[in-house]
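**Student:** Chain by chain, the residues run as shown.
2 protein chains.
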Amino acid sequence: MKKHNFSAGPCILPQEVFKEASQAILDFNNSGLSILEISHRSADFVSVMDEAQSLALELLDLKDKGYKALFLQGGASTQFLMIAYNLLEKKAAYLNTGTWSSKAIKEAKLFGEIVEVASSKDKNFNYIPKSYSIPDDVDYFHCTSNNTIFGTQMKEFPTTSKPLVCDMSSDIFSRTLDFSKFDIIYAGAQKNMGPAGTTLVIVKEDILGKVSREIPSMMSYSTHISKDSMFNTPAVYAVYVSMLTLRWIKAKGGIKAMEELNNKKADLLYSEIDRNPLFKGFAAREDRSAMNATFNLTDESHKETFDKMWKGAGVNGLNGHRSVGGYRASMYNALSLESVQVVVDLMQDLEKKVK
Amino acid sequence: MKKHNFSAGPCILPQEVFKEASQAILDFNNSGLSILEISHRSADFVSVMDEAQSLALELLDLKDKGYKALFLQGGASTQFLMIAYNLLEKKAAYLNTGTWSSKAIKEAKLFGEIVEVASSKDKNFNYIPKSYSIPDDVDYFHCTSNNTIFGTQMKEFPTTSKPLVCDMSSDIFSRTLDFSKFDIIYAGAQKNMGPAGTTLVIVKEDILGKVSREIPSMMSYSTHISKDSMFNTPAVYAVYVSMLTLRWIKAKGGIKAMEELNNKKADLLYSEIDRNPLFKGFAAREDRSAMNATFNLTDESHKETFDKMWKGAGVNGLNGHRSVGGYRASMYNALSLESVQVVVDLMQDLEKKVK
Numbered sequence: 001m002k003k004h005n006f007s008a009g010p011c012i013l014p015q016e017v018f019k020e021a022s023q024a025i026l027d028f029n030n031s032g033l034s035i036l037e038i039s040h041r042s043a044d045f046v047s048v049m050d051e052a053q054s055l056a057l058e059l060l061d062l063k064d065k066g067y068k069a070l071f072l073q074g075g076a077s078t079q080f081l082m083i084a085y086n087l088l089e090k091k092a093a094y095l096n097t098g099t100w101s102s103k104a105i106k107e108a109k110l111f112g113e114i115v116e117v118a119s120s121k122d123k124n125f126n127y128i129p130k131s132y133s134i135p136d137d138v139d140y141f142h143c144t145s146n147n148t149i150f151g152t153q154m155k156e157f158p159t160t161s162k163p164l165v166c167d168m169s170s171d172i173f174s175r176t177l178d179f180s181k182f183d184i185i186y187a188g189a190q191k192n193m194g195p196a197g198t199t200l201v202i203v204k205e206d207i208l209g210k211v212s213r214e215i216p217s218m219m220s221y222s223t224h225i226s227k228d229s230m231f232n233t234p235a236v237y238a239v240y241v242s243m244l245t246l247r248w249i250k251a252k253g254g255i256k257a258m259e260e261l262n263n264k265k266a267d268l269l270y271s272e273i274d275r276n277p278l279f280k281g282f283a284a285r286e287d288r289s290a291m292n293a294t295f296n297l298t299d300e301s302h303k304e305t306f307d308k309m310w311k312g313a314g315v316n317g318l319n320g321h322r323s324v325g326g327y328r329a330s331m332y333n334a335l336s337l338e339s340v341q342v343v344v345d346l347m348q349d350l351e352k353k354v355k
Numbered sequence: 001m002k003k004h005n006f007s008a009g010p011c012i013l014p015q016e017v018f019k020e021a022s023q024a025i026l027d028f029n030n031s032g033l034s035i036l037e038i039s040h041r042s043a044d045f046v047s048v049m050d051e052a053q054s055l056a057l058e059l060l061d062l063k064d065k066g067y068k069a070l071f072l073q074g075g076a077s078t079q080f081l082m083i084a085y086n087l088l089e090k091k092a093a094y095l096n097t098g099t100w101s102s103k104a105i106k107e108a109k110l111f112g113e114i115v116e117v118a119s120s121k122d123k124n125f126n127y128i129p130k131s132y133s134i135p136d137d138v139d140y141f142h143c144t145s146n147n148t149i150f151g152t153q154m155k156e157f158p159t160t161s162k163p164l165v166c167d168m169s170s171d172i173f174s175r176t177l178d179f180s181k182f183d184i185i186y187a188g189a190q191k192n193m194g195p196a197g198t199t200l201v202i203v204k205e206d207i208l209g210k211v212s213r214e215i216p217s218m219m220s221y222s223t224h225i226s227k228d229s230m231f232n233t234p235a236v237y238a239v240y241v242s243m244l245t246l247r248w249i250k251a252k253g254g255i256k257a258m259e260e261l262n263n264k265k266a267d268l269l270y271s272e273i274d275r276n277p278l279f280k281g282f283a284a285r286e287d288r289s290a291m292n293a294t295f296n297l298t299d300e301s302h303k304e305t306f307d308k309m310w311k312g313a314g315v316n317g318l319n320g321h322r323s324v325g326g327y328r329a330s331m332y333n334a335l336s337l338e339s340v341q342v343v344v345d346l347m348q349d350l351e352k353k354v355k
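For the record, the sequence lines run as chains A and B.
Counting in the UniProt record's numbering, the first sequence runs from 1 upward without gaps.
Counting in the UniProt record's numbering, the second sequence runs from 1 upward without gaps.
Isolated chain A (complex conformation) (with noise of 0.2 Å):
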């Protein structure tokens, strides 16, 4: 049966990487060698990480304009840490989003001052703060772009003049956006880029070097810079899935076709959720996400029953997030229109039934 993978993370990726992905498990470039056993500095996988650094500042729109790509490891919970060690002087602002954005304020107030501009925790996450002020005296704004857990996503950003940074982790490639504005974005690689195990991390280069302290290599922008992400071994095989994974969203139109397809998904579901009396929205409207749709039922005696009825169908990860409830439908850009429409049938299908 086919499946409908709705996983929030790791989730889909496009079954034309998957393919190529598993015969290179087997046989890389013809080498003979499998690339699990091939060394990082052999000049087939440098080739690799050129490409997938290349690519990535290509997708966006980054290319000679002063930033720099790596592919690190330990996700986007060690950039929490990276961020505070590379850039935290005394004070920093943070928007906070939600339990991502959360984190990121803990593990930063170990290294200075942070003020949370603004919160939406008030209701349980569900909006995005709009009216806040950045102080002038911060080192820089971090924020997340998209909150997996809540379903809500960033539409607009702060013009500020300190750095801007931004935990893209989960909507990194699908959406076109001025990506010149900020000054670093990461994003944990298992939502819209590969697998899990690497982390990409786009850095303008001008803004290090502006702190006191001394940094452990590991923790150092500036010692993977020089190292072009190679100051230790990096995961090879989640960057050459990620580069599959990049080639793939090039060769289909870039992000301003993921972009589309992402939106004409994100409007399948989001009208149904709003048309069927069986379930209602968790997010504020005007801040839904077009990568996680978080929604619930109504009548919750009808759980059991829409259960059943999703999982017999092939669907795969619909189960909400335990701070939230209900149902979470992850739509990353692999994901086809087809199986959003398969949940829509599957909701118009629950309706009749309960009639």
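Do not take every clue at face value.
Treat identical chains as interchangeable: a pair holds within one or across any two.
Calculated lysine-lysine pairs in the PhoX-like style (CA-CA distance at most 25 Å, straight line) [stated by the list, open to error]: (1) K352 to K204; (2) K106 to K121; (3) K227 to K106; (4) K227 to K109; (5) K19 to K252; (6) K280 to K130; (7) K103 to K227; (8) K204 to K63; (9) K3 to K311; (10) K308 to K353; (11) K91 to K162; (12) K210 to K109; (13) K90 to K109; (14) K250 to K204; (15) K2 to K19; (16) K123 to K109.
Treat the hints as calculated values from the structure; they're not laboratory data.
Just so it is clear, the structure is predicted and the values come from calculations on it, not from any experiment.
Put chain B on the given structure of chain A with help from the hints.
**Tutor:** Same frame as chain A, now just chain B:
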């Protein structure tokens, strides 16, 4: 042509593992989903993580002895930092046996005073220092069991009342030792355990909690222990392939069986190095590594000929590291005796050719 992979790391893994690892990219556990697209919180993956941790402890005979096995990200280079973050209050003792020890010392110095109890730097690290004493007032003693670059290996470990911390990146699971002498053992996966991208850390729990500093979440062993290596998204695929390799080691007879084969391979190659007048070993005889044999030509003028010979015979990764020059044959667990015989034959062919 059959490949003989002597790469220093990432390196050869068992062919059986590649086969299963390749299949799981297309369909994991008959789920209809790729292992790259499933949630790390899914029952299927949680059981992979559990089995990997359990096998690691079992193979090292450390079950029910107060140890935890963690699969983290960031390589041994991140452990250089984490060791100091978690254990170094004032002073620590390090044995310097090469590039990796030196890097570990450099990172630890940011956190406290480091006593280098001995170093073999005077002879380009071609031996393991033996007569040294560990001061009474240190928080721990750190050493590197095997030095990939220089081809030396510690055959004995000091007896000390201080916590014993060891970087076993390049020889873990390759030989029997009383592993319960150690308080922390860490190893980047990419030698005997799996692909690059995950790091095994075995921690004796009762040595934690003794430093006064606040430790960032991702740097804290206690954080990772409390979440069974799932504080954040782990390197799913690297952990999975490590589990397959650990299963393979167990099926083959455990570490004891690996050690027997590794000794045979090392004996075969070192005998030829000592016998053949065209070659000389780099490392001191009593400290020779069974994992990485370093050797040079006695007459460099044969280099072009010999390089052509082994490259033409399907041998991969025999070039020495630039710090030593010459050749390095890395003979990890998955390398067959047959592959070593191929190199020995080539060395003998060169001898005949030159005569």
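**Student:** Hint by hint, where does the structure go against what was stated? Just the numbers, ascending.
**Tutor:** 1
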